[in-house]
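Following the hints, put chain B in place on chain A, whose structure we already have.
Sequence order for the protein chains is A and B. The numbers in the first sequence follow UniProt numbering, run straight up by one, and end at 80. The numbers in the second sequence follow UniProt numbering, run straight up by one, and end at 80.
Quick caveat, the hints were computed from the structure, so don't treat them as lab data. Among these hints, one or two may not hold up.
Note that identical chains are pooled: a pair holds if it fits in a single copy or bridges any two copies.
[To be verified] No farther apart than 25 angstroms at their CA atoms in a straight line, the calculated lysine-lysine pairs in the DSS-like style are these:
#1 Lys19 with Lys31
#2 Lys2 with Lys31
#3 Lys19 with Lys2
Number of protein chains: 2
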Amino acid sequence: MKIRVFVSLKDGVLDPQGKAVGHALESLGFKGVGEVRVNRVIELDVAAQDNAAALAEGEAMARALLANEVIEDFSVEVAA
Amino acid sequence: MKIRVFVSLKDGVLDPQGKAVGHALESLGFKGVGEVRVNRVIELDVAAQDNAAALAEGEAMARALLANEVIEDFSVEVAA
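This is chain A alone, in the form it adopts within the complex:
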């Protein structure tokens, strides 16, 4: 079963990579670019039997490794 774990910086945490992308887009001629955030999506194949088990495993993985909960939020979904 395939799941996706979305990991994003919490609101208020500075995203230097996003800032750099924003500046680069402006210098390439894109006008009116506001805030830019660069986040991660981890796609995993897991052996879970059903959706609930897959989501629980994804959440455990996020807490253990994939997300730094001090500065990052995460969400888990089952891929179609």
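For chain B alone, kept in the frame of chain A given last:
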């Protein structure tokens, strides 16, 4: 208007970061982890008037900067 640009490695392109995450999960005790891919999502505020314009601008940004089309695919969506 807020858009999201999803950037993922094309099928068949090795993802060393994903492999490392997979090995780390196994050594943390998660069993049955199959393929792992680590992708990017860039969230941007753009000044476009409507959805179609926002999607077009996102696609132009992806082609110009956000994705390396030699090895990466991308998709653009308007955030709710």
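Run the structure past the numbered hints and jot down the numbers of the failing ones, going up.
Violated hints: none at all, because every hint is consistent with the structure.
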